Each structure stands twice: as structure tokens, then as C-alpha cells.
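*Asks:* Sequence:
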Amino acid sequence: MRFFLTTTLILVNSSVYASEQEAISKIQLDPFVVTGTRSQKALSDTPVRTEVITKEQLQNHNAKTVAEALKGTPNILLKPIHGKSGFEVWMQGLSSDRVKVLIDGLPVSATTGSSVDVTQISTVGVDRIEIVKGATSALYGSSAMGGVINVITDKTSLTGPHYALSIESGSFAEDNPDGETFSPAFRRLSATGVGHSGDWNGRLTADISDSDGFDATPENWSTQGARGQRSTVGVDLVWDKTTSSEYTFGLERYAEDLKSNLQDNVGEVDKQNQIGRHKSYQA
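With positions in the sequence shown counted from 1, the corresponding number in the numbering used here is that position plus 9.
Don't read these hints as lab results, they were simulated from the structure. Computed from a prediction, not measured in an experiment: that's the story for all the values here. Hints are supplied without guarantee of correctness; some may be wrong.
[Stated by the list, open to error] Computed Cβ-Cβ distance ranges for the label pairs, DEER-style:
hint: 1; residue 1: K164; residue 2: A225; range: 32 to 42 Å
hint: 2; residue 1: Y172; residue 2: D113; range: 16 to 26 Å
hint: 3; residue 1: K80; residue 2: W248; range: 36 to 46 Å
Every residue, glycine too, gets a C-beta built ideally from N, C-alpha and C.
Taking the hints into account, I'd like the entire structure generated from these sequences.
*Replies:* The structure is reproduced here in C-alpha cells:
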């Protein structure tokens, strides 16, 4: 049995955090959604059934990626991507090339074939995740026959600077590759900073993780936890030219360098030749 022990340090701007908590307590129970109709509607009024994973749910479940956020959602299947470490989404019995993954309504490019690796999408700076199950081809094309997953980032404008920093370290217990139960085999740093100057609002997000990997079945040579690094860095600038219009500029870079053992022990074969390594960069 695998246990994951973790220690987390979180630093936030206390005055802004208190005001945000007060605002959260006043949030209406009927939030607005946009995915089902491509226009803002109250969840109870949208003609297309939409499920929402809120920011509070992401925090309560400590979901670091969209893959972790989707775990346990009915009618959503996360399947390992062949040839690399990561997961793709199947919905309504349809494969990942029939499931549209969006960020703020814009499609995410597939890094492997036609599959979007949802472990590559960080939840840092995410406000909510909207899920529409079933065909939405009229709005999003044939690649949305299974459904749509729309990751909505937090666009809250703040009049003062706001920052949050989280540092995590964890152990996979007896599944640590070095055999030491309490050695830190996983490390993660995530940060968000928001500033305001005149007509400009800016936000910087960063999510960097490093893992030694884990192996729940040491009798087999293949491993379940890839070792290596993942990093996501994003910059967003919003220019509020008038009260009725704004211009948004954004850039995000994702990089991963992961290694994993892909095959079982085959006897005298040189194991070093069996190591699978995957690199990908996305901007």
C-alpha cells in the first residue's frame, strides 16, 4: 500500500486574503457559466447541463493539476497516454480526440498525437473548471462530440498588490526509490502575484514540481511514478481601456523532463536501454 506524506508552507498577503474570504462568503449559490452557450448565464438558466468544479473544491482536494481535479468525476475516464507519463480524458465512452479541452474558451494544443495531457495544466490561478458532457459540436466542432472541459482562470481585478506562495514536500513512504520512508521524494513550489497600475492589471503565475518517482510494485521493472521536473510559468496583462472594453495579453510556457521505466524486467537485457524519457515544451 502506498502512503503519501506531505508538508506544506503557505504564505499570503493577509489583508487581501481576509477580503477575499469575506467575498467568498457572499458568493451566490448560483454561479455564472459560459461553456454551454458561449455566453454568460446563471448555472440554473443555462440550457446545457454544466458541472462546475469550484476554486474552493480545488483547494479542499489539493488538486495540483486538472487531471487531479477531474479524478472521481462521474462519466469521466482518465487514461494513461501511450509512450509518456500523463493522462488523457475520455468522456461518454468517446476517446480523447473527441473531448475538447479549453483554457478560457481557447483550445489547448495536443502535445502527443491528438491527446491533450491534462497533467500538464496546472490549477494555480484557476477560478473554476466547467464540464459539459455530451455532444457540443455545434459550438466547438467535431472534436467536442464527447464533451468539453473549460478551465477558467481567475481574472479578479485587485486595487492593491496580492501574492501567494506555497511550498510543499512529500514522501511516498515505503515506495520511495531510495527505500527511506521519510525522505522527501516530491517537491513543489507554486506562486501567484497580482498587481495594478493605472489602466493595467498584471498577473504572474508559476508552478514548479520535482519528483524522484515511486514504484508500488518493485518486483516489476516498470514504475508508476515518473521522476523528473514539470514547470509552468504564465504572464497575463489586462488593459482596461474603457469601462466597456478591455484587451488581454497572455503568455504561458510549459516544460517537462520526465523519465520512467517502461518495461518489465527482461532478464539480462541492459536496463539502461529500456529507460523511457520524454521532453515536451509548450508556449
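*Asks:* Given the range 32 to 42 Å, decide if the beta-carbon distance of K164 to A225 lies inside it.
*Replies:* For K164 and A225 the Cβ distance comes to about 40 Å; the hint holds.
*Asks:* Are Y172 and D113 spaced within 16 to 26 Å by their CB atoms?
*Replies:* 22 Å, holds
*Asks:* At the C-beta level, are K80 and W248 separated by a distance inside 36 to 46 Å?
*Replies:* With a Cβ separation near 37 Å, K80 and W248 satisfy 36 to 46 Å, so the hint holds.
The structure is consistent with each of the numbered hints, conforming to all of them.
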